[in-house]
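A.B. asks: Okay, here's what each chain looks like letter by letter:
There are 2 protein chains.
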Amino acid sequence: MALKELTSREEDYSQWYNNLVVKADLAESSAVRGCMVIKPYGYAIWEKIQRKLDDMFKETGHQNAYFPLFIPKSFLSKEADHVEGFAKECAVVTHYRLKTNPNGTGVVVDPAAKLEEELIVRPTSETIIWNTYKNWINSYRDLPILCNQWANVVRWEMRTRLFLRTAEFLWQEGHTAHATSDEAMEEAKRMLHVYADFVENYMAVPVIKGVKSANERFAGAVETFCIEALMQDGKALQAGTSHFLGQNFAKAFDVKFSDKNNQLDYVWATSWGVSTRLMGALIMAHSDNNGLVLPPNLAPFQVVIVPIYKGEEQLNAINAKVEGLICELKSLGISVKYDNADNKKPGWKFSEYELKGVPVRIAMGQRDMENNTVELMRRDTLEKETVSFDGLAARIKSLLEEMQQNIYKKAFDYRTSVTRTVDTYDEFKVEIEKGGFILAHWDGTTETEEKIKEDTKATIRCIPMDEIHTADGHVIGNEPGKCMVTGRPSARRVVFARAY
Amino acid sequence: MALKELTSREEDYSQWYNNLVVKADLAESSAVRGCMVIKPYGYAIWEKIQRKLDDMFKETGHQNAYFPLFIPKSFLSKEADHVEGFAKECAVVTHYRLKTNPNGTGVVVDPAAKLEEELIVRPTSETIIWNTYKNWINSYRDLPILCNQWANVVRWEMRTRLFLRTAEFLWQEGHTAHATSDEAMEEAKRMLHVYADFVENYMAVPVIKGVKSANERFAGAVETFCIEALMQDGKALQAGTSHFLGQNFAKAFDVKFSDKNNQLDYVWATSWGVSTRLMGALIMAHSDNNGLVLPPNLAPFQVVIVPIYKGEEQLNAINAKVEGLICELKSLGISVKYDNADNKKPGWKFSEYELKGVPVRIAMGQRDMENNTVELMRRDTLEKETVSFDGLAARIKSLLEEMQQNIYKKAFDYRTSVTRTVDTYDEFKVEIEKGGFILAHWDGTTETEEKIKEDTKATIRCIPMDEIHTADGHVIGNEPGKCMVTGRPSARRVVFARAY
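Protein chains in written order, with the numbering used here: chain X, 675 to 1174; chain B, 675 to 1174.
Check before you lean on any hint, since a few could be wrong.
Output of the computed footprint for chain B on chain X, the stretches with three or more beta carbons under 8 Å from beta carbons of chain B [said to hold, decoys possible]:
no.: 1; region: 763-771
no.: 2; region: 790-804
no.: 3; region: 1053-1060
no.: 4; region: 1080-1092
Straight-line distance between alpha carbons at most 20 Å, and here's what the computed EDC-like set of lysine to aspartate or glutamate pairs gives [what the hints assert, rightly or not]:
no.: 5; chain 1: X; residue 1: 1011; chain 2: B; residue 2: 733
no.: 6; chain 1: B; residue 1: 1011; chain 2: X; residue 2: 816
no.: 7; chain 1: B; residue 1: 1004; chain 2: X; residue 2: 733
no.: 8; chain 1: B; residue 1: 1018; chain 2: X; residue 2: 791
no.: 9; chain 1: B; residue 1: 788; chain 2: X; residue 2: 791
no.: 10; chain 1: B; residue 1: 1030; chain 2: X; residue 2: 933
no.: 11; chain 1: B; residue 1: 1011; chain 2: X; residue 2: 907
no.: 12; chain 1: B; residue 1: 788; chain 2: X; residue 2: 831
no.: 13; chain 1: X; residue 1: 1023; chain 2: B; residue 2: 755
no.: 14; chain 1: X; residue 1: 1103; chain 2: X; residue 2: 933
no.: 15; chain 1: X; residue 1: 773; chain 2: B; residue 2: 755
no.: 16; chain 1: X; residue 1: 732; chain 2: B; residue 2: 699
no.: 17; chain 1: B; residue 1: 808; chain 2: X; residue 2: 702
no.: 18; chain 1: X; residue 1: 732; chain 2: B; residue 2: 721
no.: 19; chain 1: X; residue 1: 1011; chain 2: B; residue 2: 871
no.: 20; chain 1: X; residue 1: 788; chain 2: B; residue 2: 784
no.: 21; chain 1: B; residue 1: 697; chain 2: X; residue 2: 816
no.: 22; chain 1: B; residue 1: 995; chain 2: B; residue 2: 1042
no.: 23; chain 1: X; residue 1: 726; chain 2: B; residue 2: 728
no.: 24; chain 1: B; residue 1: 1018; chain 2: X; residue 2: 933
no.: 25; chain 1: X; residue 1: 773; chain 2: B; residue 2: 1042
no.: 26; chain 1: X; residue 1: 909; chain 2: X; residue 2: 962
no.: 27; chain 1: B; residue 1: 726; chain 2: X; residue 2: 728
no.: 28; chain 1: X; residue 1: 762; chain 2: B; residue 2: 790
no.: 29; chain 1: X; residue 1: 788; chain 2: B; residue 2: 791
no.: 30; chain 1: B; residue 1: 995; chain 2: B; residue 2: 1013
no.: 31; chain 1: X; residue 1: 722; chain 2: B; residue 2: 733
no.: 32; chain 1: X; residue 1: 752; chain 2: B; residue 2: 784
no.: 33; chain 1: X; residue 1: 788; chain 2: B; residue 2: 790
no.: 34; chain 1: X; residue 1: 788; chain 2: B; residue 2: 755
no.: 35; chain 1: B; residue 1: 722; chain 2: X; residue 2: 733
no.: 36; chain 1: B; residue 1: 1004; chain 2: X; residue 2: 831
Okay, the calculated beta carbon distance ranges per label pair [to be verified]:
no.: 37; chain 1: X; residue 1: 964; chain 2: B; residue 2: 854; range: 35 to 41 Å
no.: 38; chain 1: X; residue 1: 688; chain 2: B; residue 2: 856; range: 44 to 50 Å
no.: 39; chain 1: X; residue 1: 735; chain 2: B; residue 2: 1055; range: 29 to 35 Å
no.: 40; chain 1: X; residue 1: 1025; chain 2: B; residue 2: 934; range: 46 to 52 Å
Calculated directly from the structure, the hints in this document are not laboratory data.
Ideal placement from N, C-alpha and C gives every residue a C-beta, glycine not left out.
Bound conformation, chain X alone (with noise of 0.2 Å):
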């Protein structure tokens, strides 16, 4: 136990997450400066969140495909903002062979093996994913083109924690081609409330959805599209973005195509895409001291049985108990492990899978046994409770569904209790220091908007597209305003936090 003892929130945040992460068995640091390990156990949950994206994504129309590594230098700079963005800080091959080092010792790389252009680990792929679209697309018949890929990117980051930002990390990527503008703009939000959906209903994390201002916009986009989530810590998360490129990658790769009257146009485009920084918000949205908090909807495995027992023979009965419970768990969908390993004891067990949030953990002993029960313990309230044997299934299967809806509703309770709306800059430079989203009027200026991220760390998360209800019941939409700032017209109030 004191083994595996974490930090507290209250202590120290920050350390509390880093522990988490490595003591639940989620990832770790590598060799590599920057690049991350992630274990198994993190991996079977990221595995749960691909399989399902990519289900949402299949039914809506897109297939996936895989497109190079590397991407030529050159083509970097072919998008003149996409370049600004993203050539600052990339991994860069310029040599294709090591030998063996003249003095004996190791290898050395090869001065004769310089490339003659230098080679970019993909960042992101719209430059090279255009370049191959060049050769797809003739005419409007071959369109839409609607490609997604799961890939690891890399992008050189300075200060890196696991998941949250690291050197290099997983990911989605789609890149789509349309004939029209309207349905470009479509499939961009499209994508977003795909996005919502999931983040919403599998993660348990309440997503605030809006568009970038300006500056916060991705490079080369014309439009971002973005879900913003809360942290227990009142740090904001930017959980997924879609991006509308109107005709910028078209352009810059000479990507035209006929259209039914026989004129040439550039093609429209989108990008979106989630990584493994999703995995950052789930732990952080709804763990504790005890450890991780998963939603049973993306938990390895559910349910976990514990058997407590004295010799062989009971051990033998309570298997035998248990083995019809699994097959009918089982049955109704439901993931479950009996761990009835004799080399740890249960107390150590208990702990163990605290530690990593199995939602529903069942513990049978001699009385049990006697009395015709277990005891059920769920993850996300720590409640335990002695319930009978009998229809135990059926209770654990509405148990997983009640607690998916109440971690949902913990966070969005949360969240609502930490939003509010401020309408001066002193009391903005008050507020923000407490966390949460703050909703105020800004003028809409790249300036003012750089000024407030200069004096309080905070930036603009998104203009929200829908309603927002605050701390104190009131519900925040279109009304105008004037800024906080400079006293400037403001069409809306915006959303403000610091953020991860």
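Fit chain B to the supplied structure of chain X, relying on the hints for placement.
C.D. replies: Leaving out everything else, chain B in the frame of chain X:
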């Protein structure tokens, strides 16, 4: 049709393959030398391969994880044989930043951003993984570790061909750690059998299981097991390998464990992998001059239905009739595409789906509507027949099973027909020109093996583990003999071929 025409296999096998990969929308070359784009139809087949293999790995107790893309240069040198095999041709990252070219055109590598130690894009991950396992393993209780990763890897090949040999490719690599030599050896063999099972029963490609000669062993392995397949041009293709690594990597990375008696020992290891090369094997083993032939178990869709009609009324009638069939097929687990697009002619669709290897094609025209029939074509034999609409789904289900068997049998019979024994080197030199597998005696030395390779371009594919049937009806097992080159004693015949 003209657009899609393939070079025939007889005319130019190599050109036929390249043509087919591109025209069937499987993959294409990219702007990056040696790197391919895997197109949606090709990727859909790869996803089926992945999904099934992943299930088989999990059924045998393995878990997925993810390790860094980059390997510090010094890691490669830690295992002496390994560095010889893999340091030669690899992508080397030397810098982590680009900057605007001082002359204002594009971007250049920032010389100030040079890495202290170069990073290698993984050609395989033994080194980075064993460096990680060092921290995971203390005692026998931590063993075995049974991890797999799905990843991209890069080997800077000079002569590349789509799927068969590309600079970047996709693969899975299993890396396991064990307390005993026996257990590791058992694991290496288990995974070889998993591969053979998959390749034979899903890809419908018969394989010879065997052991590599010392010369053909994986760099760093004590023993390499392999499965060898035969392509239609008589050349062999290594379809998968599984390595018993002994304690080589544990020693290189100092990974020890304490056993039950508290004695320290180095950990025993295996690694095993298959790659997108399997796509090449799948294509080359079965396809014909009309295009791809896909075994039903791996076809992205197994049935295509094409309506033949004049006017909307006829189409509506066919749509209505087909609807129930589609539901019935889906309920039998059969994937189906109904192509009633009106911008392509039936003839065009027929050749398109032949090219793409869709196992079963159903055409339904006006006469079929009147007679309650359909025209059914099976892709493997190109046989057409008119059959009743009644009981069609069940008929298709058994036809797909029959086709899966038939495609395997055809490949198996072909292989047997070109598998023969040879006893003299003169005869060998004549026979090897004809392609196929040649079973001949070899004295077991690398010198003889290399002489044969130099003289004839033939390599020892493997020392087979099972009996092999030859064209003339013999069954070749463990019979000793004399080396065809040196006359020295040979323990048993080994398998020679020219190979991809």
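A.B. asks: Give a verdict on every hint.
C.D. replies: These are the hints, each one checked on the structure:
Look at the region 763-771 of chain X against chain B: 9 of its residues bring a Cβ nearer than 8 Å to a Cβ of that chain, three or more, so the hint holds. Coverage of the region 790-804 of chain X by chain B holds. Counting CB-CB distances below 8 Å, 5 residues qualify, and the rule asks for three or more. Judged by the Cβ-Cβ criterion of 8 Å, the region 1053-1060 of chain X is not covered by chain B as claimed, because only 0 of its residues qualify and three are needed. For the region 1080-1092 of chain X, the stated coverage by chain B is not satisfied: 0 residues place a CB nearer than 8 Å to a CB of that chain, which falls below the threshold of 3.
Taking the CA atoms of residue 1011 of chain X and residue 733 of chain B, the gap is near 15 Å; set against the 20 Å cutoff, the hint holds. Taking the CA atoms of residue 1011 of chain B and residue 816 of chain X, the gap is near 19 Å; set against the 20 Å cutoff, the hint holds. Taking the CA atoms of residue 1004 of chain B and residue 733 of chain X, the gap is about 16 Å. The hint holds against a cut of 20 Å. At most 20 Å may separate the alpha-carbon atoms for a hinted pair to count; residue 1018 of chain B and residue 791 of chain X exceed this at roughly 43 Å.
A threshold of 20 Å between alpha carbons decides the hint, and for residue 788 of chain B with residue 791 of chain X the separation of about 17 Å falls inside it, so the pair holds. Simply put, residue 1030 of chain B and residue 933 of chain X have alpha-carbon atoms about 28 Å apart, too far for the 20 Å limit, and the pair is violated. Distance restraint check for residue 1011 of chain B and residue 907 of chain X: the Cα-Cα separation of roughly 50 Å exceeds the 20 Å cut-off, and the hinted pair is therefore not satisfied. For the proposed pair residue 788 of chain B and residue 831 of chain X, the alpha carbon gap of about 15 Å is at most 20 Å, so the pair holds.
Taken as a hint, the residue 1023 of chain X and residue 755 of chain B pair is broken in the structure, with Cα atoms around 43 Å apart against an allowance of 20 Å. A hinted pair counts as satisfied when its Cα atoms are at most 20 Å apart, and residue 1103 of chain X with residue 933 of chain X does not qualify at roughly 53 Å. For the given pair, residue 773 of chain X sits about 14 Å from residue 755 of chain B by alpha-carbon distance, which is consistent with the 20 Å threshold. A distance of roughly 19 Å separates the Cα atoms of residue 732 of chain X and residue 699 of chain B; the hinted pair therefore holds under the 20 Å criterion.
A distance of roughly 13 Å separates the Cα atoms of residue 808 of chain B and residue 702 of chain X; the hinted pair therefore holds under the 20 Å criterion. With a CA separation close to 13 Å, the supplied pair residue 732 of chain X and residue 721 of chain B stays within the 20 Å bound. Annotation: proposed proximity of residue 1011 of chain X to residue 871 of chain B is violated, straight-line Cα distance about 28 Å (limit 20 Å). The hinted pair formed by residue 788 of chain X and residue 784 of chain B meets the criterion: a straight-line CA distance of about 16 Å does not exceed 20 Å.
Pair hint residue 697 of chain B plus residue 816 of chain X holds up; C-alpha atoms about 15 Å apart against a cutoff of 20 Å. Simply put, residue 995 of chain B and residue 1042 of chain B have alpha-carbon atoms about 11 Å apart, close enough for the 20 Å limit, and the pair holds. Of the supplied pair hints, the one linking residue 726 of chain X and residue 728 of chain B holds, its CA atoms being roughly 16 Å apart against a limit of 20 Å. Restraint check: the Cα-Cα separation between residue 1018 of chain B and residue 933 of chain X comes to about 18 Å, which is no more than 20 Å; the hinted pair holds.
Between residue 773 of chain X and residue 1042 of chain B the alpha-carbon distance is near 69 Å, which puts this suggested pair outside the 20 Å criterion. With a C-alpha separation of about 16 Å, the suggested pairing of residue 909 of chain X with residue 962 of chain X holds against the 20 Å cut-off. Distance restraint check for residue 726 of chain B and residue 728 of chain X: the Cα-Cα separation of roughly 16 Å lies within the 20 Å cut-off, and the hinted pair is therefore satisfied. A distance of roughly 18 Å separates the Cα atoms of residue 762 of chain X and residue 790 of chain B; the hinted pair therefore holds under the 20 Å criterion.
Between residue 788 of chain X and residue 791 of chain B the CA atoms are separated by roughly 17 Å; this keeps the pair inside 20 Å, and the hint holds. Of the pairs offered as hints, the one joining residue 995 of chain B and residue 1013 of chain B holds, with about 14 Å between alpha carbons and a cut-off of 20 Å not exceeded. Straight-line distance between C-alpha atoms of residue 722 of chain X and residue 733 of chain B comes to about 17 Å, which keeps the hinted pair within the 20 Å bound. Pair hint residue 752 of chain X plus residue 784 of chain B holds up; C-alpha atoms about 19 Å apart against a cutoff of 20 Å.
Proposed proximity of residue 788 of chain X and residue 790 of chain B is supported: the alpha carbons are some 18 Å apart, at most 20 Å. Note on residue 788 of chain X and residue 755 of chain B: the hinted pairing is violated, with a Cα-Cα distance of about 25 Å set against a maximum of 20 Å. Annotation: proposed proximity of residue 722 of chain B to residue 733 of chain X holds, straight-line Cα distance about 17 Å (limit 20 Å). Proximity of residue 1004 of chain B to residue 831 of chain X is assessed by CA-CA distance (about 47 Å); at most 20 Å being required, the pair is judged violated.
For residue 964 of chain X paired with residue 854 of chain B, a C-beta distance near 37 Å keeps the hint of 35 to 41 Å intact. The beta-carbon spacing between residue 688 of chain X and residue 856 of chain B, approximately 47 Å, falls within the hinted interval of 44 to 50 Å. A C-beta distance of roughly 34 Å is found between residue 735 of chain X and residue 1055 of chain B, which places it inside the suggested range of 29 to 35 Å. Remark: the range hint 46 to 52 Å for residue 1025 of chain X to residue 934 of chain B is contradicted by a beta-carbon distance near 26 Å.
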